[in-house]
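Peer 1: What follows is each chain in one-letter form.
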Amino acid sequence: MNHLGFEMEKVKIGSFDFTCCEGCQLQLANKESTLPDFLALLDIRNFREISSERLDDYVIALVEGSITRPDEIERIKAIRAQAKVLVAFGTCACFGGVNNLKNRIPQEEAIREVYDGKAVETMPSMKISDIVQVDYSIPGCPVSKDEVERIMVGIVTRSQVSLPTYPVCVDCKQQLNTCLFDLGEICLGPITRAGCNAVCTTGKTACLGCRGPAEELNMPAFLELIKKKGLSLDDLHEKLTFYNAFEPLATDET
Amino acid sequence: MIYKVISKREFKAFIDALVRNNSSFGPRKVDTGSNGEPIYQFMPVKSVDEINFDYTVTHSSAKHFFLPYRDELSHFNFSDGNWEQEIQYESPPIILIGLRPCDINAVNILDDVMLHGAYPSPYYLARRKNTFIIGMDHLPLPDCFCHSMNRHTVNHGFNLFCSDIGDSYYLSINSSKAFNFLKEFRIEEPSYEDNCSLIERRKNIKNSFETKIEVSGLPCFLDIEFDSPIWQKWGDKCLSCGSCAMVCPTCYCYSVEERFDVDLKGSTRQNHLYSCNLVDFAQVTGGHNFRPKNGDRLKYRYYHPYRGFAANDNQQICVGCNRCGRACLADINPKDVINDLRLERESCMICVSPSPDKT
Amino acid sequence: MHDMRFTIPGQDLNREPFAVKIPDFQKKSEVMITDKGYKCRITNIVPLSDLERLFQLRIIDPLEREVFNFRPGQFLMLEIPGYGESPISISSSTSNHEFIELCIRKAGHVTSALFEARQGAFVSVRGPFGTAFPMAEMQGHNVLLIAGGLGIAPMRAPLFWINDHRDKYRDVFLLYGAKEPSQMLFTYQFEEWKKVSHVQMSTIVEKPDESWTGRSGMITALLDEFTFDPKDTYAIVCGPPVMFKFVCSHLDRLGIPMNRMFVSLERRMHCGMGKCCRCMVGSTFTCLDGPVFDYWSVMNLKEAI
Amino acid sequence: MKRDYSLDIHHLTRVEGHANIQITVRDGKLVDARWAIVETPRFFEVMLKGMSAERVPFLTSRICGICSISHSLASIRAVERAMDIVPPVVAEKTRLLAMHGETLQSHALHLFFLIAPDFAGTSSVLPLIQSHPDLVRAGLQLKELGNEISTVTTGRCTHPVSLVVGGLSKAPDKERLLHLRAMIQERKPALETTCSFFHTLTIPAFSRETEFISLSNGSTYPAIGGRLVSSDGVNREENDYLLMTNEYTQEFSTSKFTRLSRESSAAGALARFNNNYHLLHPKARECAESFGLQPVCHNPFMNNIAQLVECVHILEDAEELINSLLESDLAEIKTPYTPKSGKATGAVEAPRGVLYHHIEIDDKGKVTKADCIIPTTQNNGNIHNDLRALVEQSRREGKNDGEITKLCEMVVRSYDPCISCSVH
Ligand SMILES: Cc1cc2nc3c(=O)[nH]c(=O)nc-3n(C[C@H](O)[C@H](O)[C@H](O)COP(=O)(O)OP(=O)(O)OC[C@H]3O[C@@H](n4cnc5c(N)ncnc54)[C@H](O)[C@@H]3O)c2cc1C
Ligand code: SF4
Ligand code: SF4
Ligand code: SF4
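Protein chains in written order, with our numbering: chain A, 1 to 254; chain B, 1001 to 1359; chain C, 2001 to 2305; chain D, 3001 to 3424.
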C-alpha cells in the first residue's frame, strides 16, 4: 500500500466452474455500485463466463462447483498445478453442495431415471478438497459478494483474511429478526458459520447451513434443543443434508 | 421532576404529534409466535396507531439505539502515500417510546460504562444526548426479575415517564424539553386520587413479581465459584450462539474490525458488538484461547453482569429483564444458573457443617 | 374534541426543541476524541531476528510530540491504517521525546502489515495506556529484571529509566533468556547496559547451537550467579505466561515479597480503554488495571495465567 | 471459395456453462454442424425425490444462478397447483415483480457482458469500461436495478429466500418499494442510452423460419402460468407440457433436445414477443418499431432486440406493480396449507423462455417424481439448425473463415443459452 511504502499489485486471477449453477461466479458481476472498483483489483486472465480471453498465467484460481465427472478431476488437477492459491468458491466447491443429494442413490439408477439409459458419464459428487488441496474457502450458496470483496481486497493489500467463527444467530439477532424457533421451525442458524448477514432468516426462511459449521459447534446441545421442542427429526435431517455441509454430524446423529 | 396527569386520549394526541414529525421508535408487534403470543420489537413508528402501548416486552432491548451493532469509529482517507484520519460521531435526534424501567436503568448503566470512566465515548455521548426517552411502567411477566436486581423502578435517565393509573397516565417529567412539548396539551396537576392510584399501581407492580433471584453476596460467591463444575455443566448446553448478549440491554462487549474500501482509497475502523460466549472472544495471536471451553465462556457471560467489573465499581449490570433467558434456545437463564450455583454451594456448606438437629 | 390549542402542527414541535445540534465535543475539554491517534512516520527499522524488528517512530506534529509522555511499562495501540490496531509495549526511553521505539514480532494481521512497511511510511498510535512499573517505589532498592524472549521489549523502558536515574537504585540485575541464540534480541546493546548503566547481566538459552558459548537451561538457573538480599529487592518479570509463573514462584521461594514482583500480562485487546472487554481477567481489565500487575494481584486474578 | 473449412470451438466463452461448436465442411460440402453440450449433468430430478414439497423451490432455484427466481416460481406453481393452494393476490403481484427483476438483470447481463463485446470487437466487457464508459455505466445501472427489484421482493438477487409455497414468507418493505419506484424513474435514461447504442449496430441479416413457443394468458404479457401456445397454432393446457416438448436425447449432448410441429422450435424473448406483441406496453412496442422489429420475426439475432424491448416493458410494468403493492395491505402474504398428494405442472416465462417444472407429491407432502424442462433445452435444436443454415448462407455470400466463426459464435450467443441450467 502506498502509505506503507509499497505498491499493490493486481491479482492475476482465473475463475473456473465445475458442476454447479454458476450463481457464485455471477456474484462477481453483482454489487454494481462497487463493481468497477472491484474489477480494478483484478487482472482477469481466464474467465470463460464473461471473457473470450484465455491465459494460463493466473496466480489465484477461484473454483466453483463440485466434481462429478472423471474429466473434471483432470481439469481441477491442472488448475491446482498452475495456481499458487486455490480458492474453493461457494458451497458446492467447499462442501459438495446440493449436488451431493444425488449420491443417495446408485449412479446407474440416476442415469436411468433422467436419461432413459443413454450413456452419460457421472460419478458421486465430491467437494474440491476431496481431490486437491484448497487454500481458502469462501462458502455460501451463493457466496456473499461483500465477503468476496473483502477477501479479494485482503489478497491485493496483503492483509490477512478470515471468516467469522461465530454462528448466524449473532447476525440474525442484530437484524432484530424473530427467531424461527419461536415460530415453530427448525433453523440451522445456531450451528452455521456467520458472514451472510443472516439473509435467509431475515427473509423469514430457515437457515439451511450453506456456509457450513461454525467453529466448535455444539451438536449435542443442538440436537437436544430439537428434541426438547418436539420438532421433527426428519425435517432436521433434510436440512442438515441439504448442502452436505454437516456431513459426518448429520449422518451420525440423526 | 415535575408530576402531571394526562388523559390517555390526550396522551395519544401528544405522542402522535411527536412521532409524526420526528424519527421515532416504539414497540410494535412484529409476529405471532407458534405459542400464540405476540412478539414485539422497538421499530420505527410514523403514527400513534402503530404503537402497541399495551405490549409486554420486546425481544431485543433498545441498546442498539445507543450502541449500534455495527458502528463506524473512524475513516482513513489515503492519498499520495499519506492518509488523514476522519472521525464522525454526529447522530440525528430520535424519540424512543415505551421503554420499561429496567430498560431505562440499563441505559443508565451504559452511561456509567461509556461516559464515566477515564475514556468517555463520544459516539455514545452523541447518541445519548440526542435521544428523547419516554418510559412506561408495566406489570411484570412471570419471568421478569428486575425487582430482585432492584431495577424495577427508575428515577432518572428519561425525559418523560408514564405510569398507567387507569384512564390516565401519571407523568414524571424529567426534562424541560418534555415539559415544553406537553405545555401544548391538556395536562393537569395530580389530584389526591391520582396520587393514591399511583401508589396503588406501584404496589401492584411490586407485588406481581413471581421470579426471584437471590443476588445478595453474589459477587463474592461468583469469585469463590470461579472454578465450579457448575459452569461446565451449563456450558455443555450452551450453543455459543451469542443470542443472549445481542438481546441483553447491558451487554456491550465488542470487537474492532478494520476494512479497506473497495477502491483502496481509504479504510474504515468499525466496532461490532460481540459476545463473551463466542468462541474466539479471548483468543490471541498464535491461536491460544484463554477460554477454550463453552463453560469458561458462559461463566464470563454471568461473571460480568452479576460480579460486575472493577472498572465500574463492581456494580452488577444485569437489570433482570430476562431477555437473555427468553432468547436462549438452550434454556439457559439467570434464574436457573444462579440458583444452581447457590444450591451447589449451600448443599456443600451443609455437608461441611451440618446444622444441629432440632430437638 | 380538540380545540385549537391542541391541534399543534407537529412542525412546531419539530422546529425549535428538536433542532438540538450536537455540541461540538471536540472543543469541550472533558471529552477526548478517544479514537484519534498521533500520526507517526517510521523513521528507522532495525532487524533484530527473523521474526522481530525494532521500529522507530516519530510523531509528526511537534506539539503532539511534546505532549506525548509515558511511563515505563505502558503500551500503545499501534494502528496501520487499513490493517488494524494492535497493543504494543513502548520499548524506548521515557526521556526520549524525539522517537518512540517499538519492538515487534511478526505474528498476525497487523504486525505482518507492519513488516511490509518501508521506512518513511505513515502509521498512527493511540495512548499511552495502562499501568506502569512503579519506578519511584523501587528507588533505594535492588532491582531484578528477568526477561524471556520478546519480554525484553517492555523491559527496555525500565532499563533506560534506571540508566537515567542510576544513582537512585542499588544493584540492578538483568537476566535474559531466549529459546535459541538467534532469538536473542538487542545483543548490540548488552555492553552498553553493562558498562554505562552498571547493570549486572547474564544470558541463557534453552537450545544452544555451536556458536553459543554461554549457559543453557532455564532462566532461573542464572539466579545463582548473583547475590542480593531478597527482602530488599524488586523484580520485574516479562515473558510468556508459563515463564513468569515459573519464575515468580521461584522468586517467592527465594523470599522476594509477592507485591514487589511485577509482571506484564497480555490479552486480546480491541480498544485499550476498558470498553471492549476482550482483555478481562476475572473482573479486571488488562488495559486499565494492567498490563503491569504485581504478582500478588495476579495470584488473585481469576484465569490470569 | 475454400473447399474445406472446419471449426471446433471447445467451451464457447461468454455463455453460461460448457458447450462446443463443431463444424466441418469438406470438398465444399457441409458435412456436419453441431451444437454439442458437454456440461456435467447434475440429476436434479433425482435429488428432488423424497424431498418435502415446501423445500422444493429452495433446491430447484439452485438449477441456475441466473434465473433462480424463475425456477423457484415454477416449482412453487407446480406444488401449489398439485396441492390446490391459492396464494394471496399480494403474493402474486410480488412474485411477478420479482420475475421482472430477474429478467431485467438477466437481459442486462446478456446484452452488456456477453453480446456487446461481439459488436465492439473485444473479447470481454472489460475493455469497454474504458472505451464506452457511458454504455457500461448504463448497463450496470440496469443490471443493478434488476437485482434491486429481486432483492426487495425476494430477499436476495440470486437464490431467492422469501418465495415459498403458499405465498411469501416475508412481505416487501414499503419504504424499500418507494425507493425502488424512485430508482426506476431515475434509471429510465440508462435504457434510452442502451437503445441508442443498439441503434448504431448492424444486426446480421439472417433468417430461418421456425416455430415460436411461449406462454400466453390473453390479458397480460406472459410471466407466470397460462396456456402453452406456438406460432404454428398449437394451444394447450399447462399440464400438457410433455406434448409441447417431446424431449429426446442426442448422443453428442448432455442436454436434451425438444421439438413440436417442426424439427425444432424457439423459446425466449423473441418467441414471447412474436406471440404476445399486442400485450406489450405501448412504449415497448414503440421501441420495437424503432428497430423495425415486428411479429413474426425469424431472425434469431433479433432476439437481442426483443430483450431490449422487454426491458422497456418491464420498467413500465414494474412501476405499476409497485404502485399497486404500495396501496395494498401487505399483511396477508401466505395461504396456510396442509400437505396433500397431487401432481401438476408449473410453467413460467424465464428470461430465456418457457420453463416447466412438473412435480408429483404423495400424501405426506414428499416429492415422488419431478421433471424440469429448461428453455435452453427447447432452443438446442434451433441453435443446431441455425448453425447449419448460417454456415451455408455465409459461404454462399463468400464470407471468410474468421467471419463465419464469429457469426457462428454470435448466433449461439443470441439465444442467450443457459447451458448449466439446461443440464440440470
Ligand atoms: C499490553 C500488551 C503489550 C504488547 N506488547 C508487544 C510488543 O511489545 N511487541 C509485540 O510484538 N507484541 C506485543 N504484544 C502482543 C501483540 O499485541 C500481538 O502479537 C498483536 O496484537 C498481534 O496482532 P496481529 O494483528 O498481528 O495478530 P492477529 O492474530 O491478526 O490479531 C487480531 C487481533 O487480535 C488481537 N490480539 C491478538 N493477539 C493478541 C495479544 N496477544 N494481545 C493483545 N491482543 C491480541 C488484536 O486486537 C489484533 O488486532 C503486546 C500485547 C499486549 C496486550
Ligand atoms: S432464526 Fe435461526 S439464526 Fe436467527 S436467532 Fe433463530 S436460530 Fe438463530
Ligand atoms: S443479563 Fe439477561 S436478564 Fe440481565 S439484563 Fe441482560 S438480558 Fe436482561
Ligand atoms: S447462553 Fe444461550 S443464547 Fe447465550 S450463547 Fe449460550 S446458547 Fe446462545
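A hint or two may mislead.
Unchecked claim - In silico DSSO-like cross-links for lysine-lysine, where the CA-CA straight-line distance does not exceed 27 Å: (1) B:K1046 to D:K3174; (2) D:K3340 to A:K229; (3) B:K1233 to A:K227.
If you're looking for bench data, these hints aren't it; they were derived computationally from the structure.
If you're wondering where the values come from, they're calculated on a predicted model, not measured in any experiment.
Peer 1: Run every hint past the structure and note whether it holds.
Peer 2: Results of checking the hints against the structure:
1. B:K1046 to D:K3174: Between B:K1046 and D:K3174 the Cα gap is close to 13 Å, so the pair holds against 27 Å.
2. D:K3340 to A:K229: Holds, because 25 Å separates the two Cα atoms, which is no more than 27 Å.
3. B:K1233 to A:K227: holds, 19 Å
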